[in-house]
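Participant: These are the residues of each chain, in order.
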Amino acid sequence: MGVTLTKAAQWTSSGTGKLELTPMNESLLKEVLRSVEQLFSRHPQESEHVFEEPLQWSTTLVASDFKTDYDISEFNVQSNEKDSEGQPLLRLSPPTVYVRSFSQLSKLLHLAADKKLEEARTCLEENRDALVKILGPRFADILEREDTQTDPVDEDTSEDSEVKVKLFRLLQNMDQQLLSKLLEEISEHVRLDPAAANSDVESLKQFCRGGDGRLLKSVRYTSDYEFSNGCRAPPWRQVHGEICYLITEPCDTEDLHITCSTGGVYLNAGIKQEGAESGYERTSDTYTDLPTLLKSRSPYFAEHINKQMPKKDSTSKTQSKSVQMEDQGQPQRSQAGKKKYEPSPRWSNQGLVPPCGKVEENNPGREKSGKKKQATGAKGKLKAEFSLSSLPGRMTPQKSKTLAGAMELSSDSSTEDEDEEELSERRLQIQIEQSPDYWLIYKLVKFLKRGDQTATVLCLCAMLDLNLMQEGCQLDIWDIGGVEVLLNLLDSDEVKCQIGSLKVLRKISHSMLICQTILDMDGLQSIVKILDRPYKDLKALAAETIANVARFRKARTTVRRCGGIEKLVKLLDCLPTLANMSPNQEKDVEVAHCGVLALWSCSKCNRNKEAIRVAGGIPLLGRLLRSPDVNMLIPVVGTLQECASEECYRIAIKNEDMIKDLVQNLSSDNNELQMHCASAIFKCAEDKETSDLVRKYNGLEPLVLLLGKAEDKKLLAAATGAIWKCSICMKNVAKFQEHKALESLISLLTDQPIDVLINVVGAIGEFAKVAANRGIIRKCKGINPLINLLTETNQALLVNVTKTVGACAIDRDNMAVISQLDGVRFVWSLLKNSSTEVQSSAAWALCPCIENAKDAGEIVRSLVGGLELIVNLLKSTNIEVLASICAAISKIAKNKENLAVLTDHEVVPLLAKLTNTTDERLCLHLAEAIGHCCMWEGNKASFGEAGVVAPLVDYLKSNNSAVHYHTTMALYQLSKDPNNCITMNEKGVVKPLILIMGSDDEKLQEAAAGCVRNIRLQALAGKIPPPKKISIGTAKRCGKGL
Amino acid sequence: MAHISLLKRKAIHALAETLSKQVEHFNETEVEALIGLYHETLGESAAQGGAVTGLDRNRFRMLLYHMFGMTDDMIMAGVFRTFDKDNDKFVNEKEWVKGLSVFLRGTLDERIKYCFNVYDLNNDGYLSKEKMFNFLKDSLLGQPSEEDPDEGVKELVEMTLKKMDHDHDGRLSFDDFKKAVKEENLLLEAFGTCLPDTTSIEKFEHQVFQKQGKP
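Just so you know, the sequences run in chain order Z and L. Counting from 1, position 236 in the first sequence corresponds to residue 236 in full-length UniProt numbering; the numbering is continuous, with no gaps. Counting from 1, position 178 in the second sequence corresponds to residue 178 in full-length UniProt numbering; the numbering is continuous, with no gaps.
In case anyone wonders, no lab produced these hints; they're calculated from the structure. It is possible that part of the hints are untrue.
Straight-line distance between alpha carbons at most 20 angstroms, and here's what the computed PhoX-like set of lysine-lysine pairs gives [unchecked claim]: (1) Z:K67 to Z:K30; (2) Z:K976 to Z:K991; (3) Z:K735 to Z:K688; (4) Z:K987 to Z:K1023; (5) Z:K660 to Z:K731; (6) L:K154 to Z:K443; (7) Z:K443 to L:K113; (8) Z:K449 to L:K182; (9) Z:K604 to Z:K443; (10) L:K131 to L:K162; (11) L:K98 to L:K85; (12) Z:K587 to Z:K536; (13) Z:K896 to Z:K976; (14) L:K162 to Z:K446; (15) L:K94 to L:K10; (16) L:K137 to L:K98; (17) Z:K115 to Z:K30; (18) L:K162 to Z:K587; (19) Z:K740 to Z:K696; (20) L:K163 to Z:K446; (21) Z:K976 to Z:K987; (22) L:K131 to L:K8; (23) L:K178 to L:K113; (24) Z:K731 to Z:K713; (25) L:K182 to Z:K443; (26) L:K98 to Z:K446; (27) Z:K570 to Z:K587; (28) Z:K133 to Z:K166; (29) L:K21 to L:K98; (30) L:K85 to L:K113; (31) Z:K446 to L:K154; (32) Z:K449 to L:K137; (33) L:K162 to L:K137; (34) L:K21 to Z:K536; (35) L:K163 to L:K131; (36) L:K8 to Z:K443.
Facing chain Z, a subset of chain L residues (Cβ under 7 angstroms, in silico) [as the list claims (entries may be wrong)]: (37) L63; (38) M67; (39) L156; (40) L161.
Note that this is a predicted model, so its numbers are computed, not measured. Where is the CB? At the ideal position from N, CA and C, for every residue including glycine.
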């Protein structure tokens, strides 16, 4: 259920967490309902399991809907069914309902009758983390990980865990069933297929030619990967029917990010990199085809397309007619689907291959549409012509380009088998006409099977003459069963056969499909075994092959499991810095090079990093790092930077003096090497000593120089990252400024990829901690682009941007610019961001903004709903958010009118609720906020009534002087209310206050004394019993002193 | 080596001294050990009487078989021919030491020349299709279903020729062969194993040179 809900369900883009009203969601909901009901009927025991936390949502059901088995009192309802502690398993206090078991859930859904769907929808919407609530965080975590091998039982032996595990398994099954149902559903809805989409893109590309007369500047895919089914979208997006993503550059407007899906084409939020889910959201209407969308977005395109493409238009009209006919022939398509997405007439008809469908369904589909073409006669002819011309090379080898790329991602998904079947069937179909070398390869493999050593070597040599890097050739070998034969040769004892086989394998293993096959046939074990042989050539080849195969997780794990890491590490033992090497020593270096390449591939997995360390790899890598050879250095530094994600590696890099070499290689003339070095420093330099070392070895200047290489974005991202982390140390900032780093950084604030921006902004934020630099930022016009970045969506970026804007706002002149650009509003609106990190970072940034803006009060008031928003964030559960919001509230409260609004929004009880915290940082800002909020007349008493006084007095026990300061200030304010004085006195506030009076800070002295005075006044008025003599006496003395 | 007289031992020593200067890969002691082995092998037949001018083909073959596990008649004949530089059907001491120098420790160039000579049955400087066919004819396990069992071998020969025949004259000259092997070392023993593998070299050297160490 977890995967389905997070990945497959179509959540609305607004971020409010509603499920979109799409037909797919509807069927998904129906499936969920069915599953829940089934669970209840088939697994009664498991469905009795009491949830860790209740599922709660606002129901439309009322008390009267409930019948027997329920205890109904007026509006409230409780189930008769109770848990072991006597708590009811279902509780309704309108409009919220709390449900704590599947049986109750299913009963409730039964009661809801035809409102069932609605209930399920709200339930899911309001319980996005339903699994956590049902099973507790740990189990849900396992389920989400999609890792079926993990067995939770061995970690948990308590009694109810058995039921839990069963339930967990049931839910897992349910998840899988849901996904497969969805897939079926999608396959039925297919309108547009990858081949047609590709051909459309091809024809659009035609428009990009022709110099000034062109209709578009460029059209390109976001990904070069083409999956076996022709889609370029990642598999979890293919579930939504998405085929590929395009970036189109029209002549007259900004770039259009377009999603082609089976339902049509639409604009997305800008997919820049895989993984950023937000980019996939639909931001426009759905159009039937690419030209239509472009016409609506680019007037220039619309105007000229008709001139250039009159013929094509008429064709597509004819087609749409025939499509309608076809539509009538398929009544099973859901009505809702039709309303929402208009199918593309051109594409739907060519929609031969559903993106994720099964092979068996493909073939009849293909035939069917073929027949239809004939049947429609003249129209069909037109159509056929069109599809021929618009589908250039449909059956050419190019079609299956990077076919194997699919394996990487599908290797961990459940559709793997299906993909494989599909692959092989497709291969068989296309094979014969495809590869000129097919029969040669066939013959060679046949000879390999029955040849003796001499013949085998000859065949392998002949094979090496083929273009083994070409995909067609790789697939031919795979298809004929060559991989198995080659792997068998590895198990023979003949060195020459092993060498020949590995020479072939190291090349064909560039294909993911082959890698997968090697893994499946346990070939990695054989290859790893060869690392033990005493022949250096053999070792080098084996390591090189491992480097290629270990490109995906399972392979990497296998290498480790069969002891490969240890053996690879052993290969590293050589003397790379020797001036005059003997041929033998040169061989050693070559073997080490291959070994590092393999380790580099393997190091992308955390356990392997650990294994490399355990095998003693770090000092060996350190030694290789001194090699003068760039080809050696790239994989070495690549491995190191990959491993630098682990603490122990960072320490080793520091202690083994590798920083020196890394810094040295920053000045290499090889971009890739520079990139890896910079990125290693990026990962390590958060550590103070390390970043001092970078300065010591003069690494800061080359880093700044790297900023000049703006064309290599990966390098730029690494370099800016290194600068960012190094600039955490103020000494480094000063050094950086000698080379005008800040100016260069500011120039990188626009037109850069997200990775670069995050680091650049992070670095500027660190620089801005120095007053002089804040002025430079303004003078170099850095504030404007910074404010623009506040509207980005990447959360890591937003955290840095808000931090930096906050740091800039400390300068009053900067603040003037910020308010002019409406920066406060942008920062404020980020409080609504879903990430708590962004929220707190934005709140922190607001503090200096409000403090330094000229008419801060006015600005804050002008933000409609802003104060309510900020007060509501006091309900957050995140300490950092709470602390930052308290800090912001204390700044806001300095303005009387705004304080009044805050008070209206119930700031007092919300703050009071937080006073039980033990977090020092929160205590500090909470006390500050309370102190400032007391300035509104009634609040002093309300705070007292809400019980804040007692905990505040306890804060004085803290060792933190800042906490003392703000607490004393708050207490002083609170003491102006007589009742509070009584409580304070009861809590024994006087003694610590007297100590505080001894402080050097006059303000603090004054506040403490004032507070004591107020208490004393109450005492004099007889409201409180006379305090002990000593303390009063001391207070008097101190009071006089003032 | 008790049956070898002192006198003879002295003669061996003197010969070793001369030969070691002519042979690249062995030192004097090693040469002496090799000559010792030579005489040892020869000694058995000397005891049987008859004129002895050197190792004949049969004895040489037995040695190859026992020491290096070689079995292929054609290859062994080729190896003998290559050792027997003066073509007198006997391998003398000098030929023996020189031959082993390449056989055990030859450089790539030396070994290329050696292998080519082994394969060049009639010493005409070319490897024709027929020669290749002869060497490869048993290299594919027959399949009963096949009509012409030699068909596969012929194809194999064609393929090899295509790969190695750089001047396209339908046969391999030494230059063709050398070039192909330089490109792909695996082709050195393209038509059959005629060099010992590392393990048997180590075994042989250990056996022969260690023996010398303990007089």
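Participant: Next, verify each hint and record whether it holds.
Facilitator: Here is what the structure says about each hint:
1. For the hint linking K67 of chain Z to K30 of chain Z, the alpha-carbon distance of about 24 angstroms lies beyond 20 angstroms, and the restraint is violated.
2. Using a Cα cut-off of 20 angstroms, the hinted pair K976 of chain Z and K991 of chain Z holds, with the two alpha carbons roughly 19 angstroms apart.
3. This hinted pair checks out: K735 of chain Z and K688 of chain Z have alpha carbons roughly 15 angstroms apart, not beyond 20 angstroms.
4. Taking the CA atoms of K987 of chain Z and K1023 of chain Z, the gap is about 15 angstroms. The hint holds against a cut of 20 angstroms.
5. A hinted pair counts as satisfied when its Cα atoms are at most 20 angstroms apart, and K660 of chain Z with K731 of chain Z qualifies at roughly 18 angstroms.
6. With a C-alpha separation of about 12 angstroms, the suggested pairing of K154 of chain L with K443 of chain Z holds against the 20 angstroms cut-off.
7. A distance of roughly 31 angstroms separates the Cα atoms of K443 of chain Z and K113 of chain L; the hinted pair therefore is violated under the 20 angstroms criterion.
8. Proximity of K449 of chain Z to K182 of chain L is assessed by CA-CA distance (about 27 angstroms); at most 20 angstroms being required, the pair is judged violated.
9. Taken as a hint, the K604 of chain Z and K443 of chain Z pair is broken in the structure, with Cα atoms around 39 angstroms apart against an allowance of 20 angstroms.
10. Simply put, K131 of chain L and K162 of chain L have alpha-carbon atoms about 15 angstroms apart, close enough for the 20 angstroms limit, and the pair holds.
11. Distance restraint check for K98 of chain L and K85 of chain L: the Cα-Cα separation of roughly 10 angstroms lies within the 20 angstroms cut-off, and the hinted pair is therefore satisfied.
12. Distance hint between K587 of chain Z and K536 of chain Z is fulfilled; the C-alpha atoms sit about 7 angstroms from each other, no more than 20 angstroms.
13. Our distance criterion of 20 angstroms between C-alpha atoms is met by K896 of chain Z and K976 of chain Z, whose separation comes to about 18 angstroms.
14. Between K162 of chain L and K446 of chain Z the CA atoms are separated by roughly 19 angstroms; this keeps the pair inside 20 angstroms, and the hint holds.
15. Using a Cα cut-off of 20 angstroms, the hinted pair K94 of chain L and K10 of chain L holds, with the two alpha carbons roughly 17 angstroms apart.
16. Using a Cα cut-off of 20 angstroms, the hinted pair K137 of chain L and K98 of chain L is violated, with the two alpha carbons roughly 31 angstroms apart.
17. For a cut-off of 20 angstroms, the pair hint linking K115 of chain Z to K30 of chain Z stands: about 12 angstroms separates their Cα positions.
18. Taken as a hint, the K162 of chain L and K587 of chain Z pair is broken in the structure, with Cα atoms around 31 angstroms apart against an allowance of 20 angstroms.
19. A threshold of 20 angstroms between alpha carbons decides the hint, and for K740 of chain Z with K696 of chain Z the separation of about 19 angstroms falls inside it, so the pair holds.
20. Distance restraint check for K163 of chain L and K446 of chain Z: the Cα-Cα separation of roughly 19 angstroms lies within the 20 angstroms cut-off, and the hinted pair is therefore satisfied.
21. Distance check on the hinted pair: K976 of chain Z and K987 of chain Z sit about 17 angstroms apart at the alpha-carbon level, within 20 angstroms; holds.
22. With a C-alpha separation of about 43 angstroms, the suggested pair K131 of chain L and K8 of chain L falls outside the 20 angstroms cut-off, and the hint is violated.
23. At roughly 8 angstroms between alpha-carbon atoms, K178 of chain L and K113 of chain L fall within 20 angstroms of each other, so this suggested pair holds.
24. At roughly 28 angstroms between alpha-carbon atoms, K731 of chain Z and K713 of chain Z are farther apart than 20 angstroms, so this suggested pair is violated.
25. A threshold of 20 angstroms between alpha carbons decides the hint, and for K182 of chain L with K443 of chain Z the separation of about 26 angstroms lies outside it, so the pair is violated.
26. Proposed proximity of K98 of chain L and K446 of chain Z is contradicted: the alpha carbons are some 41 angstroms apart, above 20 angstroms.
27. Of the pairs offered as hints, the one joining K570 of chain Z and K587 of chain Z holds, with about 14 angstroms between alpha carbons and a cut-off of 20 angstroms not exceeded.
28. About 16 angstroms separates the Cα atoms of K133 of chain Z and K166 of chain Z, which keeps this hinted pair within 20 angstroms; it holds.
29. A hinted pair counts as satisfied when its Cα atoms are at most 20 angstroms apart, and K21 of chain L with K98 of chain L qualifies at roughly 11 angstroms.
30. Pair hint K85 of chain L plus K113 of chain L holds up; C-alpha atoms about 13 angstroms apart against a cutoff of 20 angstroms.
31. Among the hinted pairs, K446 of chain Z with K154 of chain L is consistent with the structure: their alpha-carbon atoms are about 14 angstroms apart, no more than 20 angstroms.
32. Restraint check for K449 of chain Z and K137 of chain L: the C-alpha separation of about 16 angstroms stays at or below 20 angstroms, so the hint holds.
33. Between the alpha carbons of K162 of chain L and K137 of chain L the distance comes to roughly 18 angstroms, so the proposed pair stays at or under 20 angstroms and holds.
34. Between K21 of chain L and K536 of chain Z, the direct Cα distance comes to roughly 32 angstroms. Violation of the 20 angstroms bound is thereby established for this hinted pair.
35. This hinted pair checks out: K163 of chain L and K131 of chain L have alpha carbons roughly 16 angstroms apart, not beyond 20 angstroms.
36. In summary, the hint linking K8 of chain L to K443 of chain Z is not supported, as the alpha carbons are separated by about 59 angstroms, beyond the 20 angstroms threshold.
37. With a least beta-carbon distance of about 22 angstroms to chain Z, the hint placing L63 of chain L at the interface is violated under the 7 angstroms criterion.
38. Given the 7 angstroms rule on beta carbons, the hint for M67 of chain L is violated: about 19 angstroms separates it from the nearest Cβ of chain Z.
39. A distance limit of 7 angstroms between C-beta atoms decides the matter here; for L156 of chain L the minimum to chain Z is near 6 angstroms, and the interface restraint holds.
40. The interface hint given for L161 of chain L is violated, since its Cβ lies 11 angstroms from the closest Cβ of chain Z, which is over the 7 angstroms cut-off.
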